[in-house]
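Q: This is what each chain is made of:
Protein chains: 2
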Amino acid sequence: MPSSTSSSNSPPSSLPPPETLQSQDMERERKGCSFSIDSMSCLLPGSRSQRDHSRWLLSLLKQDPDRTFDKEARVFQSRNQRFFQGQRIALRYFEIRNLHGLEKKDADLLRLYTDEYLPIQVHESMAQPTLRNQSSDDQWKSWGPMFRSGRWIGCYMQTELAHGSNLSRLRTTATLDLETDQWIIHTPEPSAGKCWIGGSGMTATHGIVMANLVIRQRSYGMHPFLVPLRDLETHRLLPGRSILEMGCKYGAPAMDNGYIRFDNVRVPRTHLLQRFQTVDERGNYVERNSQSKVMIRGTMTLVRVGLCEIAAHHASRATVIAIRYATVRRQGSSKTPPASLEPQIIDYPSVQSRLFTALAASYALTFASQDLRKIYQVMIDELESEGRSRLLPIVHGISSTLKAVCTNESLSVVERCRRSMGGHGYSQAAGFDFERNQPNAGIIYEGENTMLLAGPAANFLVKQFGEIRNQASPGGMLVPPVAQLACLAVAGEELKFQGLEESDLLDHGNQLDILAHRVSRLVGELSELRSSSGPRPSSSPESDVVKDHMDSSLATRASRAFGQYLIAQSFVDLVSSLRSRPRQLSERIGAEITQPMIESLSRLCSIYALENCILSDLGDFTEDSYLSSKQISKIRSASARTLAGLRRDALGLAESFDHDDWYLCSPLGSSDGRAYERMIDWMKLEPLNLQGEEGGRDENGVMKGYRQGVGRLIRGETIPFDLEAEQRRREKEGKVGLGSKL
Amino acid sequence: MPSSTSSSNSPPSSLPPPETLQSQDMERERKGCSFSIDSMSCLLPGSRSQRDHSRWLLSLLKQDPDRTFDKEARVFQSRNQRFFQGQRIALRYFEIRNLHGLEKKDADLLRLYTDEYLPIQVHESMAQPTLRNQSSDDQWKSWGPMFRSGRWIGCYMQTELAHGSNLSRLRTTATLDLETDQWIIHTPEPSAGKCWIGGSGMTATHGIVMANLVIRQRSYGMHPFLVPLRDLETHRLLPGRSILEMGCKYGAPAMDNGYIRFDNVRVPRTHLLQRFQTVDERGNYVERNSQSKVMIRGTMTLVRVGLCEIAAHHASRATVIAIRYATVRRQGSSKTPPASLEPQIIDYPSVQSRLFTALAASYALTFASQDLRKIYQVMIDELESEGRSRLLPIVHGISSTLKAVCTNESLSVVERCRRSMGGHGYSQAAGFDFERNQPNAGIIYEGENTMLLAGPAANFLVKQFGEIRNQASPGGMLVPPVAQLACLAVAGEELKFQGLEESDLLDHGNQLDILAHRVSRLVGELSELRSSSGPRPSSSPESDVVKDHMDSSLATRASRAFGQYLIAQSFVDLVSSLRSRPRQLSERIGAEITQPMIESLSRLCSIYALENCILSDLGDFTEDSYLSSKQISKIRSASARTLAGLRRDALGLAESFDHDDWYLCSPLGSSDGRAYERMIDWMKLEPLNLQGEEGGRDENGVMKGYRQGVGRLIRGETIPFDLEAEQRRREKEGKVGLGSKL
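If you read the sequences in order, they're chains A and B. All residue numbers for the first sequence refer to my numbering, where the first residue is 62 and numbers rise by one. All residue numbers for the second sequence refer to my numbering, where the first residue is 62 and numbers rise by one.
In short, the hints are calculated from the structure, not lab data. This list has only true hints and no planted wrong ones.
Because identical chains share one entry, a pair is satisfied inside a single copy or across any pair of copies.
Okay, derived cross-link-like pairs now, EDC-like style, lysine to aspartate or glutamate, Cα gap no bigger than 16 Å in a straight line: (1) LYS435 / ASP634; (2) LYS695 / ASP685; (3) LYS695 / ASP612; (4) LYS695 / GLU563; (5) LYS354 / GLU443; (6) LYS557 / ASP574; (7) LYS92 / ASP733; (8) LYS608 / GLU563; (9) LYS691 / GLU586; (10) LYS695 / GLU586; (11) LYS608 / ASP408; (12) LYS765 / GLU294; (13) LYS123 / ASP722; (14) LYS354 / ASP198; (15) LYS608 / GLU589; (16) LYS691 / GLU562.
Construct the complete structure from the given sequences, taking the supplied hints into account.
A: Structure, rendered in structure tokens:
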């Protein structure tokens, strides 16, 4: 018991132990939420049946009798162990997919839920679709069932060690040998070896090889060939193939990315995928079906649609972990009176501004990727019914932009959430191992984001805006994204934002206007810069370099601005629909849409616009004086008030993403809030704490090898410490000058 | 040979293979550098002897006959393997340190060069200094030699599982038992266990335990106690201690962070560290030596000084890897004519703006941390000679600010460099394994950066500025940092920047003025916000929350602005000194300072100010209309021109940091530029490619366990694929609705 002497403090242990508060904190927050978490969890994926279907898919993994998909121990495994566990997961994945006859979209989700880049990822997501799209009907008839069943496991071989995005410079060749009626697949030098080929290092039986097609010394450019890699009985490499697993990476330990060289490997002439061209036995190259290439171009954007959905998924996953931890972690501020509890860290403004913007991004990315999929589907329907779609260039441009902006934002959200957990965010007990897999890889593949934004995304914008502006009236363009582009293209003409009150800044229409102005202004400047190019006699090499830099910077900012506008637009649309048709949507979703739900979503929408878009790139809005100092100050106070308003619903909003504890596998972010107890239990799994062969300790609990290691130092069996003697020696040798100067 | 048919392209293989160009590219760049890399490598650390001394220290590791410190295979190791290799490194480190009688600063550098967080890191950097500072002379006499020699290995036990930065809320107690004349060290509940204690999990023999000192139920607050943990003969845990290794982390695999509970552990009364207080056998608590506590406060800042130096070190290390890779990587742009070579990626504006800002940051952080160490030394000298120093609060404030700003910038540079390498940056062949160790941990410890910036750093600024502004004349304050603060405090009064030409923006004085204005403006606003606080009757809880948010945001921006100003100031000072006294400094440095060297440094300095500080936080400079649209446009063109001007020297500037190939251990960033060949060689080390017990393949080169794994799928021995049958079944069960809707 504390004494009452004035100079002493009460022993802090008179307060309840922190672990006893955590479950209470969690329950209290849930009860305090202004809406039904169950209803919001139906709204987020679009419907109750959707949510329940996802739960059912997850249960197929969670309830696996062999516990193949349990991942509690995963982070403690070596790369080798993790790779071989990945093999077991891959096999079981196929068994489940085959047993339940899962369609592509379900199978994609099932793989996502395995939470590991599997050696069969590329087989499912790229090799199989490519084979289907580029094979002739006869080829697909004979090869398709093998690929679909998993009897053949494919990989997609395009990138070379020295060549990535510049397709035309790949150096692998496929030369027709007219005598034997075979293609000779060849790697001319080591740097032309196929590289980063997912699934090829240890697993795949077949590769779809992109190679320069050569007939009679004439080159026809890159074409896909089906090339067997490994024997179907023994799994040994077939002659002429040499493959190295590429070695450890930043993440993705279960994926066997491979590096492959072909030494004059021969495949039958019919192994050229022949949907778009045939080569006959006399070496005649004939193009065909060129009209259906359009369809392929359309389906190619599907990968980017999926990447946006996955970006939203990982952002929300990080957010629920971090918000739960911030709910149960109490850490003292100087404002707290000595005898009271320390505050929950979620009550700190700096934590709120990090986590509530993460929450806003998670919702925004979710809705934006749903809209992207809808537009994609409209395009595919048009292509299938009419053989063409005016949406094709639009969906290409939008999906390129959103892929880069969504994956960038997702990674930054994930990292922000991890860091918000302070010291414990550095422990794998936080449950952020996934960050090194998809979030870090997704910013590079399917177009490296920096290149995507500065290149194709910006080119699309400049072209579209030019076309729309040159039209007297954008008549007939009723499809939403085109109409949006038209709005954007004229938005730049407003030179000053007119709103002056906090309420003006909280109006979603105004928020969109501000974001639209930025897009339009930046695209306008970029167009002007580019149109001032061409052969000008006065242009010096130096001014060309300066111009290239200006172009790169403007293009990147314009594309990002456009992506953020699209994302905000989706969010605003959703909130408007809910406001105008709550009954109708409640029915469609299968859950009651209440006013508090809409208000909470509206707040998140404002945070996305004000914090994630405007305040984080403020220069973009002030450079041309579109926003004034006074307006910015209103934005800051409006945003602060909105963040504060979200406090009550934060946990509920995060938990509405319906991430399962088993899936999250985060001791610090578990739903019961017992972060400390769970972290201690988790530590006990660390091999260094275990005895036995794999463990780090001997039967006395002493670390293995102690006696031959630092034990020699502690027991005085090694070079003794004798600083004074040493200094005398060094002085004699004249070496002292060095040490004393440093 | 390519045919001349118009419809075909030349086979790209008519161009030289990429690998043959890489060494030539590297050599040509080096020759093209405008200055002597040798001279710059002497300037960077301050002198030729300094550089050579660092090389000598590194050679002690590099030439170790047992190759203890080689790290080529490190990234392929499991955590267990890496931990035990860390034990060997730790032992050998002690042997080398003892053999050569290395002083603290040399020993610190030697540990940095081991490139691994070692279990003895905290022993050297915290436990030993704390013991020295807080022990009485008698205690140090008897314990010091044991610690210094490594016969005792210490750890520093402060943080608890549920308590970090709020010292007063730690719950571990040390209660005096008057009968036995012993302290009883006790952990009241699991969440009060000491946590994250570096070196304690497996290694340390002693802990310095921070515990609440209690005598006769009266609490005296946190005090340090020396507590033996493990038996010095057997290394078994002593009774009453239970320790878990904390489990795997984001990085730092060789470090055994521990979680420790004490169950009424008894130590002699004399194990309280007694420099500042004694407790006699009757339980009388007597304070003493309180005046020398000031000295301790001073030396505590040394850790942060070191963290700034390390931040610069890792930034430069990442930069040289990325710039070398960008030099030898060629990747096509659409502008390249078909028959010519692809451009080096370092010629892309987007690559330059990422890498040259990384270069600028590396130089800027290097010079800033050198200045910080100088000021620190002045303060220590004053403390030692006068027992006090007017610099104490200044160095505290500055080192807190710079610790956060430098470690944040370092991590972002490292990550930017890694990502600039595109796909290959995701491979461990890039040599960025270190990123998960210090750069990611350093932003959390010694004050989590977000908290540091929003709290102590901002409080310091508000206080200092208030004091300086209230003084009629800041007379007598001649020490540079104080004078700077005084300049900063008045800089905000300039309401508009006056320069209009590119040359104005390239003037370092003007650059500092712009940065100074930002600091002053933000601190001014923060001070005003805070002074409007206090008990105001009208203040509602809601407006309090809004105000807290405004405070947190302003405080963070103000502190970062101040840190960036200090860094830029150091850089500008250096350039000015070189310009005004090149002869004198050439002599001091031991290398000729040439005009091109100075020009190159001046360019980097401009990039740091314009890109890293102004353009990346543009809103901070436009929010109050200090910079106009026209000026920003000039900043952009001035910066673009400067980036272009750095192109020629980029490799030389990066290599001047004198990072050794053996140390970098980066196949893709090696000095000979043979990135592709080295990456292939490196892949061969991957265990999955090896046969034998540790390897992933059997004697046929087939992955182990194939037959029981996916081999069953490929050979058709598992659940068959029968989509049609499955669909029929599901339709019957009425499940089809779910799948088709998703």
